[in-house]
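So the sequence lines, in the order shown, correspond to chains A and B. Position 54, counted from 1, in the first sequence is what full-length UniProt numbering calls 54; the numbers after and before it change by one each time, with no gaps. Position 138, counted from 1, in the second sequence is what full-length UniProt numbering calls 138; the numbers after and before it change by one each time, with no gaps.
Simulated from the structure, these hints should not be mistaken for lab results. No incorrect hints appear here.
Identical copies carry no separate label here, and so any pair may be met within one copy or between two of them.
Subject to a maximum C-alpha distance of 20 angstroms in a straight line, what follows is the list of computed SDA-like cross-link-like pairs (lysine to any residue): (1) Lys139 / Leu17; (2) Lys20 / Gln50; (3) Lys20 / Asp104; (4) Lys139 / Arg13; (5) Lys139 / Ile10; (6) Lys20 / Thr102; (7) Lys78 / Arg43; (8) Lys139 / Glu113.
Number of protein chains: 2
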Amino acid sequence: MENPRELFQIMTRRLGLLNKTCCSVDGCDLSVNQSHLLYEIDRSHNPSMQQVAETLGTDITTFSRQVQSLMKMNLVQKTPDPTDRRIYTLSLTPEGSRVTATIDQQMNEFLNEVFSNMSEFETETLLRSIKLFNEAMGKSSKCCKPVTG
Amino acid sequence: MENPRELFQIMTRRLGLLNKTCCSVDGCDLSVNQSHLLYEIDRSHNPSMQQVAETLGTDITTFSRQVQSLMKMNLVQKTPDPTDRRIYTLSLTPEGSRVTATIDQQMNEFLNEVFSNMSEFETETLLRSIKLFNEAMGKSSKCCKPVTG
DNA sequence: CTAAAAACTTGCAAAATGCAATTATAAGTT
DNA sequence: AACTTATAATTGCATTTTGCAAGTTTTTAG
Chain A
1 MENPRELFQI MTRRLGLLNK TCCSVDGCDL SVNQSHLLYE IDRSHNPSMQ
51 QVAETLGTDI TTFSRQVQSL MKMNLVQKTP DPTDRRIYTL SLTPEGSRVT
101 ATIDQQMNEF LNEVFSNMSE FETETLLRSI KLFNEAMGKS SKCCKPVTG
Chain B
1 MENPRELFQI MTRRLGLLNK TCCSVDGCDL SVNQSHLLYE IDRSHNPSMQ
51 QVAETLGTDI TTFSRQVQSL MKMNLVQKTP DPTDRRIYTL SLTPEGSRVT
101 ATIDQQMNEF LNEVFSNMSE FETETLLRSI KLFNEAMGKS SKCCKPVTG
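All chains should be built: construct the whole structure from the sequences, respecting the hints.
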């Protein structure tokens with residue numbers, strides 16, 4: 001288990017399993033992808049479809065349909081950009097905000113439950129380390145830019 | 001960004017993007033799922049189908065088909081268990097081993113590239129922290145056991 | 001020796017995906 | 001202004017992935 005990749009593989013698999021079970025709010029059943037989408041729309045300020053799709057590394061046509069189904073669920077809304085009418089701006093509906101906040105809370109509850117098996121010092125060290133790691137990934141040329149092919 | 005969930009969300013998204021682009025070996029194009037499958041078969045000692053499917057949190061019927069396609073690609077083989085003929089034992093073919101090792105190497109190269117943007121101390125701290133975190137998840141009742149519903 | 005359970009597979013229908021083509025708007029060129 | 005090119009988003013269609021229900025084969029229990 002000295003292999004860095006192994007550590008990350010196990011971790012992401014377990015986090016993935018968590019996600020699978022963690023996205024049901026108010027009878028609203030969300031897939032992992034949908035929760036990512038809500039998260040990202042919430043985080044950015046009135047992003048365009050392209051922007052979010054690229055951030056998530058999702059094909060724009062697939063993304064278009066994902067947005068459509070979230071609109072049907074009344075969680076997301078599309079607003080035409082006044083300065084460029086080709087562009088639609090995404091935002092959460094009030095219900096979407098509630099659902100997103102609830103998911104966030106559930107995830108944090110789960111994480112805290114896991115952290116209860118670690119010391120406070122270990123937890124803080126972990127969080128600080130991940131923050132650094134995320135920054136390092138941001139600097140990397142190989143990551144986060146959905147390089148096609 | 002003080003929110004633990006945010007840190008993990010960003011991290012897993014970026015690692016997920018990495019995975020998307022990282023699984024092409026010798027003309028063999030593998031999906032993320034398939035690489036997880038190879039990884040897990042490699043890691044366990046002659047596991048049964050059920051075992052791997054459960055570990056990965058995949059429905060057994062879906063898993064059965066995933067194995068079939070990896071067998072067609074000549075990366076995985078199924079061996080009937082001599083003591084219980086209902087059970088099939090999974091293992092990698094020589095080619096499967098090569099491919100799996102190559103993916104492992106590619107992933108580690110990527111990780112090292114990211115680590116080059118961190119100090120050696122920070123990297124070691126990160127890896128130690130993740131190890132602790134994985135252990136903590138293992139102790140958690142809410143995780144890693146694909147609880148249905 | 002029959003019934004129940006377990007491991008795995010297949011049928012089928014639903015959902016997700018991505019490329020190609022289309023619509024609508026914007027920007028650049030002559 | 002007229003025309004071409006580029007960009008944002010959607011739709012058609014075919015492929016792949018998924019999971020439940022049902023089936024086969026083998027093992028275990030009563």
